[in-house]
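First to last, the sequence lines map onto chains S and U.
Per this note's numbering, residue 1 is the first one in the first sequence, and the count goes up by one each step.
Per this note's numbering, residue 1 is the first one in the second sequence, and the count goes up by one each step.
Hints are computed from structural coordinates only; laboratory data are not their basis.
Treat the hints loosely; a few may be bogus.
Listed next, the in silico PhoX-like pairs over lysine-lysine satisfying Cα-Cα at most 20 Å (straight line) [what the hints assert, rightly or not]: (1) S:K39 to U:K168; (2) U:K57 to U:K96; (3) U:K122 to U:K81; (4) U:K64 to U:K107; (5) U:K217 to U:K107; (6) S:K67 to U:K120; (7) U:K99 to S:K99; (8) U:K120 to U:K183; (9) U:K176 to U:K160; (10) U:K64 to U:K168; (11) U:K100 to U:K57; (12) U:K152 to S:K99; (13) U:K176 to U:K100; (14) U:K120 to S:K99; (15) U:K122 to U:K100; (16) U:K64 to U:K165; (17) U:K84 to U:K107; (18) S:K67 to U:K107; (19) U:K168 to U:K122; (20) U:K122 to S:K99; (21) S:K99 to U:K183; (22) S:K39 to U:K152; (23) U:K165 to U:K176; (24) S:K99 to U:K64; (25) U:K81 to U:K120; (26) U:K217 to U:K99; (27) U:K84 to S:K99; (28) U:K122 to U:K52.
In this text the structure is predicted, and so the values were computed from the model without any measurement.
Okay, here's what each chain looks like letter by letter:
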Amino acid sequence: MADQPTATERFIQGILPENPVYRQMLGLCPVLAITNNMKAAITMAASVTFVLFCANVVTSLIRNLLKPHLRIVVFTLTIATFVTIADRLLAAYLYQMSKTLGPYIPLIIVNCIIICRCEVCASKQSIFIAGSDALGQSLGFALALSSIAAVREILGTGMFFELRVLPAAWPDWVIMALPPGAFLTFGVMLAAVNWISSKKEKN
Amino acid sequence: MMMESKDRESTGSSSILERIKKNSLVQGWLVLILALFFGSALASVQLSLGPKIEMNKLNETLDKVPELVLGASQLDEMEAKNQKLDIEPMTVNVDKNNKKVSYNVYKTTYNGKIIGWVVKTKGQGYAGNIELLVGLDSGIESITGLFILDQKETPGLGNKIVTEKWRKQFINKPTKNQLIVVKDGADALNEIDAITGATISSRSVSNILNIAITDLKGQLISG
Numbered sequence: 001m002a003d004q005p006t007a008t009e010r011f012i013q014g015i016l017p018e019n020p021v022y023r024q025m026l027g028l029c030p031v032l033a034i035t036n037n038m039k040a041a042i043t044m045a046a047s048v049t050f051v052l053f054c055a056n057v058v059t060s061l062i063r064n065l066l067k068p069h070l071r072i073v074v075f076t077l078t079i080a081t082f083v084t085i086a087d088r089l090l091a092a093y094l095y096q097m098s099k100t101l102g103p104y105i106p107l108i109i110v111n112c113i114i115i116c117r118c119e120v121c122a123s124k125q126s127i128f129i130a131g132s133d134a135l136g137q138s139l140g141f142a143l144a145l146s147s148i149a150a151v152r153e154i155l156g157t158g159m160f161f162e163l164r165v166l167p168a169a170w171p172d173w174v175i176m177a178l179p180p181g182a183f184l185t186f187g188v189m190l191a192a193v194n195w196i197s198s199k200k201e202k203n
Numbered sequence: 001m002m003m004e005s006k007d008r009e010s011t012g013s014s015s016i017l018e019r020i021k022k023n024s025l026v027q028g029w030l031v032l033i034l035a036l037f038f039g040s041a042l043a044s045v046q047l048s049l050g051p052k053i054e055m056n057k058l059n060e061t062l063d064k065v066p067e068l069v070l071g072a073s074q075l076d077e078m079e080a081k082n083q084k085l086d087i088e089p090m091t092v093n094v095d096k097n098n099k100k101v102s103y104n105v106y107k108t109t110y111n112g113k114i115i116g117w118v119v120k121t122k123g124q125g126y127a128g129n130i131e132l133l134v135g136l137d138s139g140i141e142s143i144t145g146l147f148i149l150d151q152k153e154t155p156g157l158g159n160k161i162v163t164e165k166w167r168k169q170f171i172n173k174p175t176k177n178q179l180i181v182v183k184d185g186a187d188a189l190n191e192i193d194a195i196t197g198a199t200i201s202s203r204s205v206s207n208i209l210n211i212a213i214t215d216l217k218g219q220l221i222s223g
């Protein structure tokens, strides 16, 4: 167990060096499905932050009681509880948004980012480190979601946060708002991230 | 002999302990306790938020009813005078080819006089169901408004059925004839302009309206 990263390291790693989407390629379902506008992307990122933070803290609290062959069941149980709470909260206070996101909120249960952080960090380290790890990873996830959503919303509808940014004469690239647009944008962004980091390595 | 039996006894008691340790209920005590704890936590969340969520669903419909019956300008006028419509939700059953179809209908009255009706109905769209509210005048002679509650049409094309620009052409359409969707500019009274690239979605909405109006026409006036 030697050389476990500290809280600050965990936090910083989650944002860019170990970005859950661009580096670990985890949790791609919401990345592709709900990034055609910024509002939905931000709501999704906030829900994931809530679930990841709570799941990490609870897992870290009970880490000494975990049995190796039952740990995944405990993780899933914890995650499912907080996802359900997030889902009900959205339905009660952001009803329209909860209708837009539809099944993708309950699907956070199977989002690999969260189970991965419980396994890699929270089940081995203290609450403080697990919490900062959750915040770092969530910030990385939010950055990835909003970078893709920004491109898709602007090119697809000429708007950003539902405010017009491109002139009305802009011919909306409908394909960007449709599922193919998600794959195209994600592919190009991923290539760009890899290109930049390979250039950095050479220097 | 005695030694042997003593040995057997001691291995027997330790194997019972082993068995208890290996029992799946003992192994899974943490899972069981967490399940109980999380279960009750979720129950209390549902208890406290459930009514609010139900209200949200109902309000979504009720909020729209006055505008669908009166139109935006007349609604503003009424609100300025602090007048309020009475909305009475009801269920109307229609016998159709020996099949029972039920509609959620909102009867709106003002000082006891019927102002109009709002009908909640749904039908197949291009992708999934389209659920909508349609406002009708007191005699079911013309459409007074249309609102799309839920749809899964293609973003950028079919989902333009929710835009006010497209919806408002339904206002004041007579119900005498079936609505027909046309692609090259609507001019007859019962014609509706299709959305470019989304003829099927446009047609679905008109068909849903046609069906609901034919079903309810006789029912609401006599009832």
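* **Violated hints, by number in ascending order, as checked against the structure** => 1, 2, 3, 6, 7, 8, 9, 11, 13, 18, 21, 23, 25, 27, 28
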